[in-house]
Amino acid sequence: MNINDINHGTVLIINRIHCRDNMNLFQRNLEFSSDTMYNALYMAMKTVSKKVTCYTSLQEFINNIQHHKDDIILSTVWSGTDSRNRKIFLPSLCEAYGLSYVGADAYVQALAADKILSKTYCAQYAIPSAKSITLTKKKEYGLLHTLSYPLVIKPNFEGGSIGISDKNIVDSPADAQGLADTLLQEYTMLIAEEYLEGEEVSACIVGTPKNIKLFEVVKISLDGESYFKHRILGYESKKGKQAYQEREVITDQITLDTRKKLENAFIGLGKVDFMRIDGRLKKGVFYLLELTPDCSLHPECFMFKAFSHNGYTYENMIAALLNQAIK
Numbered sequence: 001m002n003i004n005d006i007n008h009g010t011v012l013i014i015n016r017i018h019c020r021d022n023m024n025l026f027q028r029n030l031e032f033s034s035d036t037m038y039n040a041l042y043m044a045m046k047t048v049s050k051k052v053t054c055y056t057s058l059q060e061f062i063n064n065i066q067h068h069k070d071d072i073i074l075s076t077v078w079s080g081t082d083s084r085n086r087k088i089f090l091p092s093l094c095e096a097y098g099l100s101y102v103g104a105d106a107y108v109q110a111l112a113a114d115k116i117l118s119k120t121y122c123a124q125y126a127i128p129s130a131k132s133i134t135l136t137k138k139k140e141y142g143l144l145h146t147l148s149y150p151l152v153i154k155p156n157f158e159g160g161s162i163g164i165s166d167k168n169i170v171d172s173p174a175d176a177q178g179l180a181d182t183l184l185q186e187y188t189m190l191i192a193e194e195y196l197e198g199e200e201v202s203a204c205i206v207g208t209p210k211n212i213k214l215f216e217v218v219k220i221s222l223d224g225e226s227y228f229k230h231r232i233l234g235y236e237s238k239k240g241k242q243a244y245q246e247r248e249v250i251t252d253q254i255t256l257d258t259r260k261k262l263e264n265a266f267i268g269l270g271k272v273d274f275m276r277i278d279g280r281l282k283k284g285v286f287y288l289l290e291l292t293p294d295c296s297l298h299p300e301c302f303m304f305k306a307f308s309h310n311g312y313t314y315e316n317m318i319a320a321l322l323n324q325a326i327k
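The sequence shown: position 256 = 256 (UniProt numbering), numbered continuously.
It should be emphasised that the hints constitute simulated quantities derived from the structure, not laboratory data. Keep in mind that this is a model prediction, so the values were computed, not measured. It cannot be assumed that every hint is accurate.
Distance windows between CB atoms, simulated [stated by the list, open to error]:
1) Thr255 - Lys137: 39 to 45 Å
2) Ser83 - Ile116: 14 to 20 Å
3) Gln253 - Tyr97: 41 to 47 Å
4) Thr81 - Asp5: 30 to 36 Å
5) Glu248 - Pro128: 19 to 25 Å
6) Asp5 - Asp82: 36 to 42 Å
7) Pro173 - Glu300: 25 to 31 Å
8) Gln185 - Asn64: 34 to 40 Å
9) Glu248 - Asp21: 25 to 31 Å
10) Lys282 - Glu140: 24 to 30 Å
11) Gln124 - Thr208: 16 to 22 Å
12) Ala174 - Ile62: 47 to 53 Å
Even glycine gets a Cβ: it sits at the ideal position worked out from N, Cα and C.
Could you build the full structure based on these sequences and the hints that come with them?
Encoded structure:
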């Protein structure tokens, strides 16, 4: 990959959060970036590019957009809140104004934001996922009997652990209905799916439809446990650091057939540049959890684990990602 310094200005548009105390199921800013991530990312961009401009408001970026026609925009770390369409705003703006940007386009962001649609898309590439239903009102609770317990219930249109607690696993119809009642107070559509036991893994992929430049599968362990029989990664474990996390590259444990399926799903999306495909690995079979084109760039994230396994520093990784925008 090209890790040369970039002879362009770069633009970072980022939501920031300084404290993650008192997290809850209804908190909408869980995808905002911590000070650790912001500081690392900003300094890396400053190191590898001619100039970096940072905005913490999308409106502020829009007000100054005419100044960035020759710059490279990092579009993936902006989160926004509330609207299910929030992830498409920034790539759409970049395309409307003819700006070079790194990250998935509006189509990919919209598809990935819908968990049911993501399952349908990946099924075309023979990537299985858990049996599931959607819930939008109490009248639909009868559909829960079509699933086998335990279940995981979460918002269909959210990411970044929004609406997903470590406790979103339910073992009975009564518990399922109680959790759905709670979540429907805030979220318009839920997905209820059969729990998948196995190892939690992320396929980290970088490149273009014509040239995949990096492919690594990274496994996470929580408190020394890597095979999960009745555990999910909710906001407590992911964001609240209530579990000790370790990541390990296990690409050599993935079959060539599975790798090809994951690569083909990436290729079929078009402009992505880099993403995670998150799943559970059970008896050698990869089951989709979700598509994550807005994956974290934290110094301890899955993506950097994949890069560092190949000898890249954090600054090298950021340079390589930004160079994706240079034709």
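Verification of the hints:
no., hint, in the structure
1, Thr255 - Lys137: 39 to 45 Å, "41 Å, holds"
2, Ser83 - Ile116: 14 to 20 Å, "18 Å, holds"
3, Gln253 - Tyr97: 41 to 47 Å, "44 Å, holds"
4, Thr81 - Asp5: 30 to 36 Å, "34 Å, holds"
5, Glu248 - Pro128: 19 to 25 Å, "23 Å, holds"
6, Asp5 - Asp82: 36 to 42 Å, "38 Å, holds"
7, Pro173 - Glu300: 25 to 31 Å, "39 Å, violated"
8, Gln185 - Asn64: 34 to 40 Å, "38 Å, holds"
9, Glu248 - Asp21: 25 to 31 Å, "30 Å, holds"
10, Lys282 - Glu140: 24 to 30 Å, "29 Å, holds"
11, Gln124 - Thr208: 16 to 22 Å, "20 Å, holds"
12, Ala174 - Ile62: 47 to 53 Å, "48 Å, holds"
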